[in-house]
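Student: Protein sequence lines, in the order shown, are assigned to chains A and B. Our numbering applies: residue 1 is where the first sequence begins, and numbers increase by one. Our numbering applies: residue 1001 is where the second sequence begins, and numbers increase by one.
Hints are supplied without guarantee of correctness; some may be wrong.
To be verified - Across the chosen pairs, the derived CB separations fall in these ranges:
1. A:ALA234 <-> B:GLY1039: 29 to 37 Å
2. A:LEU66 <-> B:ARG1407: 54 to 62 Å
3. A:ALA209 <-> B:ARG1342: 35 to 43 Å
4. B:ASP1354 <-> A:LEU66: 54 to 62 Å
5. A:MET199 <-> B:ARG1221: 50 to 58 Å
6. B:ASP1465 <-> A:ASP207: 27 to 35 Å
7. B:ALA1132 <-> A:ASP207: 40 to 48 Å
8. B:GLY1470 <-> A:MET199: 51 to 59 Å
9. A:VAL210 <-> B:ARG1342: 37 to 45 Å
10. A:LEU153 <-> B:ASP1354: 52 to 60 Å
11. B:ALA1132 <-> A:PRO33: 50 to 58 Å
12. B:GLY1013 <-> A:ALA213: 18 to 26 Å
13. A:VAL210 <-> B:ASN1023: 27 to 35 Å
14. A:ASP207 <-> B:ARG1120: 31 to 39 Å
Since the hints were made in silico from the structure, they are not lab data. Glycine residues also receive a C-beta, built at the ideal position from the N, C-alpha and C atoms.
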Amino acid sequence: MAVQARIGRYLHPGAWWVWALGLAIAASRTTNPLILGLIIAVLALVVAARRPDAPWSRSFVVLLRLGLVVIAIRLVFQVLLGSPIGTTVVVTLPTVPLPSWAAGLRLGGPITLESIVFAACDGLRLAVLLACVGAANSLASPSRLLKAMPAALYEVGVAVVVAMTFAPQLVSDITRVRRAQRLRGRPDRGVRGLVGSAMPVFDGALDRAVTLAAAMDSRGYGRSAPIAPKRRIADAAMLLGGLVGICIGLFGVLDSSASGTTGLIILAIGVVIACVGIWRAGARSVRTRYRPDPWLWPEWAVCACGVAAAAAVFATGQIDPEALLMPVTPLAMPVVPPLALLGLCLAALPATLSPPLPIPRTLDRQHRQLAQEVPA
Amino acid sequence: MIRFTDVSVTYSGATRPTLSDVNLFIPEGELALLVGRTGSGKSTLLQAVNGLVPHFTGGTLTGEVTVNGRTTAEHPPRELSDVVGYVPQDPMSGFVTDTVEEELAYGMEAIGIDPATMRRRVEEILDLLGLAELRDRSLLTLSGGQRQRTAIGSVLTTNPSVLILDEPTSALDPGAAEEVLAAISRLVLDLGLTVLMAEHRLERVVGYADRLVVVQDGQVRSGPPGELFADAPVAPPVVELGRQLGWSPLPLSIRDARSASMSWRDAHADSAEATPTAPPIATPGAVVADASDLTVSFGAIDAVQGVDLQLRAGTVRALMGRNGAGKSTLMAALIGLQKPKRGSVKVGSSDPVDPTTLSGADLVRRIGLVPQEAGDLLYRPTVASECASADELVNAEPGSALAILERLAPGINPEIHPRDLSEGQRLSLVLAVVLVSEPEVILLDEPTRGLDYPGKVAFAQILRDLADRGHSILMATHDVELVAEAADEVTIMAEGHIVADGPTAQVVVSSPMFAPQVAKVMRPVPALTVNDAVRLIQGSSQ
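Construct all of the structure, not just a fragment, from the sequences and the given hints.
Tutor: This is the structure in structure tokens:
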């Protein structure tokens, strides 16, 4: 029975992205370090539970580190350039007199505890946004995500896939050519080495690109059903218009100073127009999909968890806006609003709701062999 | 199935057509073998079948090419993908996705086959080509033979009736080549597929061919292999032997040739031991490179394990073995590109040193390596500047490298870009820039991949000359015929170990995998090359 339960599958990459975006939207509405910390904990829990063993699945850790850098930069700017908040002076830096045209700026001066806390929380919010992207990247294979792209974006998708396979080949080309430079008795490091290896590497990459294009052409890439030019223009206009709508809408939703509802409405309209455009443009592609990732109840559940987190934080903002902010003047301990806590608990559920990962085939065979050997 | 009617192809800027007035018909269910010298237009002919010429490559095609009733004039390659499967020379360069299963499905996705059929066909092709175990392996981790079979499978899933293969076995070791050819012949025999295949290594494939298509000076002839080989510009050793001895019908397989030579062999079998083919090397030269107890590892894997090898001046040594047996790693260690984990390497006859400590002129004066991708060594825009920079590094007299090149491959215009050279000419240029520093040791990694038979004979002669001048040559190769022609000694590696080592005649004759065709025909009389055998047979009849 235990063996039965371990036959897993990969969750649809789109579901992971919806979940991660839900958490990102939640994070963007708050500077409360307790809520932000909870979000990181949720991300880490799910990533640890459902991360496949692949090169791209290390991106969560990479982006967490990048987040630390972002916090540090934010602090440095606050210390050097920020205007002080509050009165608890920690240290006073010497002020650098600036010329009259920079009258609004201030360099140095008193540093207050309040402004440091404020900057740290603000930086933390950015870091959590990065962590959300990192988590989605770790959980969802980029090539599976591209496979799930709508037909209209397929050709862009192929270009990205090809670029992704070219990158590791380029690295191995560079190593190979550098070794060749050494064989010619030339420097294989530094600027001169780089100049010598650039030409053979680009030559090789260009050759490969041409061969690949020929191979793709002879395998049917780019077949399309005939289509009227008017319709193509209309499709393109809808796609572009929809995307602009989505951008404006997202800005409205994420910018906490604007009214959330107007943004939501524009966002919804944009999404609808873009979807229709993508669907219409996709109708001219003759392409079919081999073993597409299914979208079943775990996908819906994971999406719902992400949306729940966003909705809970959103609702908290409507009921008690102060609870989402780090109390800076005067400094006080932040509290965790119960509604937001509930939402984030829901967001942690995908750690068990999503199907377990499949065991790699070679390992699987070893397991089966072991299972057979044990009784004997 | 494939029909060329008055086809001529002229590339822009070319003074004369690459193919002129080609008329060719290949009926359904035949395996046609396309032969010709390097640069004779074989690839152009292959790519004209699915319309890559001229739709993709440019140039002008007159006349008409039809495949299964569709003309390439009206159908670009992408609309022929369900009729013609085209596998490029380097399968890796044609892969679009990253796992075996997705690669097999790609072509079907592009032409819109419904998902249920796709699923079924992928499973069928996985079984047909023995790829089921590899289905979710990354393409980067496959061996050469597995890649080639995956590439063939990936074009078969669209159910084409014609398969076009451009040198499918040129980069493979003998075992992997057999595996691929067995798969191809099964497709012809079981599925009735029409196959048109170009190949340099004819000795491997002649036995499978129903029809020979000879390309020469833009002209094309086709017919039964036995007839056309009488005067084809290239021929495998077994056919060459028959041609020189005037056997009729020409032998195409070892079995044919053995029966043709049976009476002679019966008469001379007892004298077999008494006639050594090559005189043993009189005085072994000084040791110029010495590896002792050499172990080189990548991570946890030991690619070379406890190897002892001495290279001596004046000898040509061949290094053979499967792909991945550690040949290239051994060479990298000998020239100091790879640090040994254990053991040591010393190069130089007087004052031997560790090659990892050498660089620049000190390195190239002692040891030179021509890597698999020989073009990597070239980085200048013209042949002349390439040679000049090689002269400059070792303070050779200006023009030395160019003079060596003139001797290796006469008549190259020094002002052209190295990329515009033919495969053989580029190899000569790389050799010239390596040789100008007069290294005591020359390492060659798979030097003859793109060379045809006449090219290989010339190359074998160059190696002989270099050895006679006192260079020591170590050459990694899969080409048993070249080894028979050129090598004094053979070292065979398997899984990082040296498993056999000794004079060529002893090592290769006793091995079923590495024995050249002539040795198989003449057994038990020891003869390795066509010239050996012809001399023996004609000498005894006089």
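Student: Confirm or reject each hint.
Tutor: Hint check results:
Judged by the Cβ atoms, the range 29 to 37 Å given for A:ALA234 and B:GLY1039 is violated: they are separated by roughly 51 Å. Between A:LEU66 and B:ARG1407 the beta carbon distance is about 58 Å. The supplied range of 54 to 62 Å therefore holds. Range check, A:ALA209 to B:ARG1342: about 42 Å between beta-carbon atoms, so the 35 to 43 Å window is met. At about 42 Å, the beta-carbon gap between B:ASP1354 and A:LEU66 misses the expected band of 54 to 62 Å.
Separated by about 41 Å at the C-beta atoms, A:MET199 and B:ARG1221 break the suggested range of 50 to 58 Å. One distance hint, 27 to 35 Å for the beta-carbon pair B:ASP1465 and A:ASP207, holds here, with the actual separation near 32 Å. Between B:ALA1132 and A:ASP207 the beta carbon distance is about 33 Å. The supplied range of 40 to 48 Å is therefore violated. For the hinted restraint 51 to 59 Å between B:GLY1470 and A:MET199, the CB-CB distance of approximately 34 Å leaves it violated.
Between A:VAL210 and B:ARG1342, the C-beta spacing of about 44 Å keeps the proposed range 37 to 45 Å intact. At roughly 55 Å, the beta-carbon separation of A:LEU153 and B:ASP1354 lies within the given 52 to 60 Å, and the hint holds. For the pair B:ALA1132 and A:PRO33, the beta carbons lie near 53 Å from each other, so the given range of 50 to 58 Å is met. Look at B:GLY1013 against A:ALA213: about 21 Å separates their beta carbons, and that is inside 18 to 26 Å.
The beta-carbon spacing between A:VAL210 and B:ASN1023, approximately 30 Å, falls within the hinted interval of 27 to 35 Å. Between A:ASP207 and B:ARG1120 the beta carbon distance is about 36 Å. The supplied range of 31 to 39 Å therefore holds.
Taken one by one, the earlier hints fail for this structure at numbers 1, 4, 5, 7, 8, listed in ascending order.
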